[in-house]
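Each chain is listed here by its residues.
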Amino acid sequence: MLQLMILPFLACLVLTGIHAYLGMHIIKREVIFVDLALAQIAALGAVVAFLFGIELHTMNAYIFSMVFTFFGATIFALTRLKKKEVPQEAIIGIVYAVTAAASILVLSKAPMESEHLKDMLVGNILFVKESHILKMLVLYSIIGIFHYIYRKNFFAVSDGRDKAVKQKINVRWWDFLFYASLGVVVTSSVEIAGVLLVFSYLIVPAVCAIMITDNLKARLFIGWAIGTVTSLIGLYLSATYDFPTGAAIVCAFGMVLILIWPTTILFKKITVYGN
Amino acid sequence: MKGSLKVFALTLLILLAASQYSFCEQKVNVVATTSDLADLARNIGGDKVNVVSLSKGNQDLHTIEPRPSMVINIKNADMLIVVGMDLDMWAKSLADAARNSKVMIGSRGYVDASANIVKLDVPAKVDASMGDIHIYGNPHYWISPANGRIIVKEICDKLIELQPENAGYFKKNYDDYVSKLDQSIKKWKEMLKPFSGTKIITYHESWPYFAEEFDLKIDGFIEPKPGISPSPSHVLSLEEKIKSDGVKLILVEPFYDIREAEKIAKDTGIKNVVVASSVGGLSGTGTYLEMLDYDISKIADALKN
Numbered sequence: 288m289l290q291l292m293i294l295p296f297l298a299c300l301v302l303t304g305i306h307a308y309l310g311m312h313i314i315k316r317e318v319i320f321v322d323l324a325l326a327q328i329a330a331l332g333a334v335v336a337f338l339f340g341i342e343l344h345t346m347n348a349y350i351f352s353m354v355f356t357f358f359g360a361t362i363f364a365l366t367r368l369k370k371k372e373v374p375q376e377a378i379i380g381i382v383y384a385v386t387a388a389a390s391i392l393v394l395s396k397a398p399m400e401s402e403h404l405k406d407m408l409v410g411n412i413l414f415v416k417e418s419h420i421l422k423m424l425v426l427y428s429i430i431g432i433f434h435y436i437y438r439k440n441f442f443a444v445s446d447g448r449d450k451a452v453k454q455k456i457n458v459r460w461w462d463f464l465f466y467a468s469l470g471v472v473v474t475s476s477v478e479i480a481g482v483l484l485v486f487s488y489l490i491v492p493a494v495c496a497i498m499i500t501d502n503l504k505a506r507l508f509i510g511w512a513i514g515t516v517t518s519l520i521g522l523y524l525s526a527t528y529d530f531p532t533g534a535a536i537v538c539a540f541g542m543v544l545i546l547i548w549p550t551t552i553l554f555k556k557i558t559v560y561g562n
Numbered sequence: 052m053k054g055s056l057k058v059f060a061l062t063l064l065i066l067l068a069a070s071q072y073s074f075c076e077q078k079v080n081v082v083a084t085t086s087d088l089a090d091l092a093r094n095i096g097g098d099k100v101n102v103v104s105l106s107k108g109n110q111d112l113h114t115i116e117p118r119p120s121m122v123i124n125i126k127n128a129d130m131l132i133v134v135g136m137d138l139d140m141w142a143k144s145l146a147d148a149a150r151n152s153k154v155m156i157g158s159r160g161y162v163d164a165s166a167n168i169v170k171l172d173v174p175a176k177v178d179a180s181m182g183d184i185h186i187y188g189n190p191h192y193w194i195s196p197a198n199g200r201i202i203v204k205e206i207c208d209k210l211i212e213l214q215p216e217n218a219g220y221f222k223k224n225y226d227d228y229v230s231k232l233d234q235s236i237k238k239w240k241e242m243l244k245p246f247s248g249t250k251i252i253t254y255h256e257s258w259p260y261f262a263e264e265f266d267l268k269i270d271g272f273i274e275p276k277p278g279i280s281p282s283p284s285h286v287l288s289l290e291e292k293i294k295s296d297g298v299k300l301i302l303v304e305p306f307y308d309i310r311e312a313e314k315i316a317k318d319t320g321i322k323n324v325v326v327a328s329s330v331g332g333l334s335g336t337g338t339y340l341e342m343l344d345y346d347i348s349k350i351a352d353a354l355k356n
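Chains U and D are the protein sequences, given in the same order.
Using my numbering, the first residue of the first sequence is number 288, and each one after it goes up by one.
Using my numbering, the first residue of the second sequence is number 52, and each one after it goes up by one.
The hints are all genuine.
Pairs of lysine-lysine, DSBU-like flavour, derived with a Cα cap of 35 Å:
| # | chain 1 | residue 1 | chain 2 | residue 2 |
| --- | --- | --- | --- | --- |
| 1 | U | K504 | U | K439 |
| 2 | D | K222 | D | K126 |
| 3 | U | K396 | D | K143 |
| 4 | U | K315 | U | K455 |
| 5 | D | K170 | D | K223 |
| 6 | D | K78 | U | K416 |
| 7 | U | K396 | D | K322 |
| 8 | U | K416 | D | K126 |
| 9 | U | K396 | D | K292 |
| 10 | D | K153 | D | K231 |
So the derived list for chain U, only partly shown, Cβ under 10 Å to chain D, looks like this:
| # | residue |
| --- | --- |
| 11 | I391 |
| 12 | L522 |
| 13 | A526 |
The hints are simulated quantities; they were obtained by calculation from the structure and are not laboratory data.
No residue lacks a Cβ here, since even glycine has one placed at the ideal position from N, Cα and C.
Chain U with its partners taken away, still in its complex shape (with noise of 0.2 Å):
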């Protein structure tokens, strides 16, 4: 048992490094439903190249796929709004519902099963390969390296759009690289983890920082720490009572958010009191 849980614990791992760091500036930019988009806009292009007679899961159709994903950054770059009476989200909404059901009309009249879509926002961890890690780990490595290196543009632009402005950085252009680097991780990540698991990997370990520390560097190593112990709480879960691995680790991921959350609040009383 133990050995059939040592390639999805390394998948975590891989999947923690990146996402817990996309997770802060998804939360800055209050944009938490972004990565579910994406993914929907990138099978939507994969089904799209269906239709041109593409075969799925081969290079073309991955071209396809991100094509249509810089599309979809184009388009959240673009409708970050000055105003804030039209909030982003409601764009992502709306982005993800029409390319849903963009694909299921395309899936109605290509000669394909709907299970070839649910492949590939379904991935399963369980059945994640040596060779699925080790291209997730060459390109998160990449674009990781890439955020390190302009870290500053990139927090700029996600920490306010006017104080990126006074920096005399170009938000659109910092907006749009940020979405598609996202969706290069997004689109890998899914159709291995699945919708549900990357969601949480970006979401619940940045939320848990935030409310631990104010420090950046800290919430980082703090994401990480909690990634890692979910994974392994999650996967153990799994393991002993046999359920299904991603849906054990998100579960994994709720019950450490509801340890964490009164922990805090508790913490922070104390440290008040004791000021």
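Since chain U is already given, all that's left is putting chain D on it; use the hints.
Leaving out everything else, chain D in the frame of chain U:
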């Protein structure tokens, strides 16, 4: 000294013999992807096999949520029986994760139960525009009892290959089961004989083998395509077809949208029957023979009135 050496040698010999004996008596670990294949394997393997099914009869075989125990089961398997024809493709991912060379595709312990089935709905020509849809034909062959006979032959042959010392035992079980099955087929044919040529509608494309064997005519499907729910125009044209063609019955499996079938049946005034396409799909369908008994009685009852 010499005496103790003799005793030692004798003990060693006995131990060796005993281990050899227990080796012979080791049961064949059989993993089947569906409850139908598992039931058939149990009937042929008897007490010489341990059989595990990876899915339950009330699950849609296209969508199975994999769990760690499934991989462990395949890891310990001597024999893996699959439906094949791309239906239970998740079994391949499970087998890959289990890394058990005994049951990998093409290896000795791998049984594709569809190997000797006469396949229906095989596309005449497969080109890129068709993608990989059903290139091997319709995979729901086990619901026809005549095909059940072919499947048990497949299982029996493989068990004999893996454990030749029990060949006689497996062969006897096979003969007994086939004679039971043949008797039942005779009875079932008798039951459905009055309704020969009756037109029916099914939810999913899962009944062509059954329909062919019992001379029912499938006139349409509630799903316009596998996995796609019907559009309003599809429902309308289906209802018109039911009326104009004189369709008598709708068959639907418990895991599909039964309300859809009920609505169409109500609109057109025909009968709608929930039937099991896998062992254990409904209560009273615990074995392959019971399942077919259940389905055929339900169909005959509905057509009688």
